[in-house]
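With the hints as your guide, set chain B onto chain A.
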Amino acid sequence: MSAQKKRNFQIEAFKHRVVVDPKYAEKTWKILEHAIHEIYNHNASGLSFEELYRNAYNMVLYKFGEKLYSGLVSTVTSHLKEIAKSIEAAQGGLFLEELSRKWAEHNKALQMIRDILMYMDRTFIPSSHKTPVHELGLSLWRDNIIHSSKIQSRLQDTLLELVQRERTGEVIDRGLMRNIIKMLMDLGSSVYKVDFEKLFLDVSADFYRGESQQFIECCDCGDYLKKAERRLNEEIERVSHYLDAKSEAKITNVVEKEMIESHMQRLVHMENSGLVNMIVDDKYEDLGRMYSLLRRVPNGLSLVRDVMTSHIRETGKQLVTDPERLKDPVDFVQRLLDEKDKHDKIVSLAFTNDKTFQNALNSSFEYFINLNPRSPEFMSLFVDDKLRKGLKGVSEEDVEIVLDKVMMLFRYLQEKDVYEKYYKQHLAKRLLSGKTVSEDAERSLIVKLKTECGYQFTSKLEGMFTDMKTSQDTMQGFYASMGPEIADYPTLTVQVLTTGSWPTQSSTTCNLPPEILGICERFRTYYLGTHTGRRLSWQTTMGTADLKATFGKGQKHELNVSTYQMCILMLFNNADRLSYKEIEQATEIPVSDLKRSLQSLACVKGKNVLRKEPMSKEVAEDDSFFFNDKFMSKLYKVKIGTVVAQKESEPEKQETRQRVEEDRKPQIEAAIVRIMKSRRVLDHNNIVAEVTKQLQSRFLPNPVVIKKRIESLIEREFLERDKVDRKLYRYLA
Amino acid sequence: MGIQNDRVRFNVGGKIFETTATTLAVAGRNSFFGAMFDENWNFQTENSHEFFIDRNPNCFSILIDLLRTGELFIPSNIPEKLLYREAQFYGLLDHVRAAKWGPFDGNQVRFSQAVMGQAPGDGTAIRAGPDGGCCVAHGSIVHVYDWMLQELPPINLDYQRVNDIGWIDAETVVAATSERLGRGRGGAALFGAATGELTHRFQVTHEDQVKSYTAGALSFSTDYKIFSSCKGRSNEYGIGVWDQITGQQIDFYYEPIGWSLGDADRLQWLDNTNCLLVATLFPRKDNCYISLLDFREKEHGLVMVRYRGSNHRREAGPRRDRYGREQFHLSRLMKGKMPDEPCYPKLALYDGQLFSSMNDSISVFSGPDWVLTSRLRRSYGGSICDFSIGGDRLFALHSEENVFDIWEAPPPPVT
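Chains as they are written, first to last, in our numbering: chain A, 1 to 733; chain B, 734 to 1148.
Calculated directly from the structure, the hints in this document are not laboratory data.
Each hint should be verified, as a subset may be incorrect.
As the list claims (entries may be wrong) - Cross-link-like lysine-lysine pairs, in silico, BS3-like; alpha carbons within 30 Å at most: (1) A:Lys63 - B:Lys814; (2) A:Lys27 - B:Lys748; (3) B:Lys814 - A:Lys67; (4) A:Lys30 - A:Lys67.
What the hints assert, rightly or not - Some chain B residues judged to face chain A by a derived CB distance under 10 Å, without partners named: (5) Phe784; (6) Phe985; (7) Asp1093.
The C-beta atom is built at its ideal place from N, Cα and C for all residues, glycine as well.
Excised from the complex, chain A in its bound form (with noise of 0.2 Å):
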């Protein structure tokens, strides 16, 4: 239109004809549609911003606002036809290029259309409840192009099959992807589900479904692992190329379901390869995939869990009740420790320390440690062992890391008091015969005991520590009292145990040797003399002697022997040859002990400082025996150990479990008592709950005797049944 002589003049003359021309309206829509297929055509360079944007301003000053904008849907509507025709010829995979092409093309148009309208989209639109222009080229793209008959349904097998095509491997044109998806988002998030996300989902699921059978022939459970979590991968990282980030949780969750899921039960018992065995060849990679795959299924991780516990509960019952082990209880103990490590490093490792996964290791150790009720002697044994000589020559962080360890399988040990017991008789043996190897080492095992059983359980174990300081500074006050008649006698020893601090012993006493009998009484003297009101006895079984001897050929040596083979060994000073009766007459050394005695002298080789007659391996009670003039050895110092069976016999263990059913009872009926003074009226059951509930930290008391107790109690009048209901007990104070 301004191809006019005189543009100035025509210019004009345009403005004049604005207000009177009856096709005003009209014509200036004429001239917005012209530009509108302009910009659509790439040909806007032509166009005046400032003349359009005037004329759409005064098209709505002058009330045509419906116009213009029926007029704009029009308009954008049949460009938007042709483009669907143009997306609809594109062939094979030229089609998403074009798709794409034409949306941007659509975008910038729609962005030049609603500076154009600017000023009908601030005022007319919002005063008349239509749709924006941004929103109304997003609708009209909708509803022409996706949503086109030819179009829908090619867009949506297309970008599946990429999909498809990229899961087995090929390379897809991801920026397209991207671009398309982004559309499919922009023009909503009902459109991007309806049209892509829900199709997609089925699609996987089908896909992983098939996949996921294929693999679960003939795959491992290691592998098949290792290719769920390449899947897994894989997805997430779809997403977050060009899917809605939405997407993830919803297609992880299809692949979990597919890939884990339904398979995870054959998967966990897989033969060959499944859980057990990799617990049992330590595959933390494997089993650390298996964690972190089944942990995102419901189910997946107490299933893990579940195998895990019955596993260690069928091997650690194994290892606990086989004859072999129980031969050699420091062996015994090392297993469970090295079993204990084991796992825990599979729990630290490949379950990250789950505590779930802690409390199942805890609880199946507690279950089969506790099957075997010497666990609490042999742990003691092993303490006893390591305390004795195992750590020699051992840091101090290695010793507490092995008391660490002891003190973790004590926690499951139900029986505390049991062991308790035993540690006592273990630590006395020590402690008397010297043999521990660090005193530190004792007292931080004791300072462990304490921090986790409680004052009570530690304060005789440190009385013992306690006698033995004294009894040196006794020791030293006895020689400084003696002056220089101390040359008169032999050198003595003399350890003060306070009793009921020390494990009982029975007083079984023989006949010292005269040699020793004077220093005895001297000390007795000395001793009962300082303490008033005390009372001294002589504990012959667990003292040693050191003995100077010279054989036949004039050599000489030093002997160490206990306290019984001194006695022995003196009479033999006097006579050459005796009679078993007659050293059992001298002696009085009860005849298990004396048997005992006499063997370890003359039946072990290498150490026979006595010959016996007739020469057998045992000790009868008609053998004769003889100082042996022929003995020899390399060493000066000959130590002549007692035959002592390490282990207990089947009668002391009898006898040690009756002190420690013994021992139960008094802190059963305290335990009673203290409950019943609180709470003065309980019924049977919850009696027996709590009682379980106090003493557990110490033993797990039997409720048949609990009710014994409660009867005795009831005898002496402590408690009395209730008069109606003869299940409430009532406290009498």
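The following block gives chain B in isolation, referenced to the frame of chain A:
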């Protein structure tokens, strides 16, 4: 767009202006200038390097100055309405509004202008809109003004008497009206602020039947609920609760015997306690009730605290712990001469300042001790029957003459 040469030359209605693209960029993408200089429009400079704009050059100079400095200075020879129209053309109306007045402070506000209305009746209520506009209820009609104080199409609901009004957002006004027996349904309804069109009617349903009712006082909560005191024919007395978004009734608190909720003159939602204060006045009997509805104990019905006092108190303020002090002020202020037709004092709390209307002035109390710091007074128009603060403006409606005043804080001083 001319990075090397930042300068831009306009011919506006025959007058030449020069400015820079940087200045124009202040207008934002969503404006005439933003679009014009977008790269899509590789704008043709023709031959003279200038852009022709067929608009008023005087207003253009004011607006270009606004873009340069962020300050608005309107010479007295330019009618504001003209400027607003031009700003609308360029898409700069928001800039103008933002520059026109400063953030609200009761101790800084200045009288801006008074707007006369032609409604015959006494004003019932005035409510400030969120963007600087307001609506005024007169008898059975509500006049709505935008921030430029242009009057928009009035609102009415079958010309029923309007009891209370309020803004849901900048586009929506809710009006509570009386039911007239046999003539109209009354009740509360939503209207488009710009068009005056009825967009939604809030319904009260009793035993699955829609009932007609009289809506009294209104209140709004931050979780998009509307409360209104409702008076029906039989059972529908109490407080109706609706959802602002869906418009559906979500609850109805029936008035227990001996309580007056349906007659309430004033509702106040207390945000942090989830309670609704309900104040009911019986002027003739000279006593009033203030009830507190506790919404936390919903399943146990209502926990009500009732306050019964003489008729001095007319307002339920949001600071319950301050009641005593407020009352003290008011009774002291009321000791002076009482006009024949008293306008009840009103209270408002805004940003830590307490506003109280009394006769023809509004007192401002500030600080933790509520010290009287300012008094806003205009000599004519009679007593102030209602006032409202919002959109950084205070609107005060007079009772004798149909006029309301606008108070606003000046823009920050030139530094």
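Consistency of the hints with the structure:
1. Annotation: proposed proximity of Lys63 of chain A to Lys814 of chain B holds, straight-line Cα distance about 20 Å (limit 30 Å).
2. For the hint linking Lys27 of chain A to Lys748 of chain B, the alpha-carbon distance of about 29 Å falls within 30 Å, and the restraint holds.
3. Under the criterion of a C-alpha separation no larger than 30 Å, the hint pairing Lys814 of chain B with Lys67 of chain A is consistent with the structure, at around 27 Å.
4. A C-alpha spacing of about 11 Å is found between Lys30 of chain A and Lys67 of chain A, which places the hinted pair at or below 30 Å, so the restraint holds.
5. Hint on Phe784 of chain B holds. Least Cβ distance to chain A is approximately 6 Å, under the 10 Å limit.
6. The restraint placing Phe985 of chain B at the interface with chain A is violated, with a minimum CB-CB distance near 31 Å, outside the 10 Å limit.
7. The restraint placing Asp1093 of chain B at the interface with chain A is violated, with a minimum CB-CB distance near 37 Å, outside the 10 Å limit.
In this structure, the earlier hints numbered 6, 7 are contradicted, and the remaining ones agree with it.
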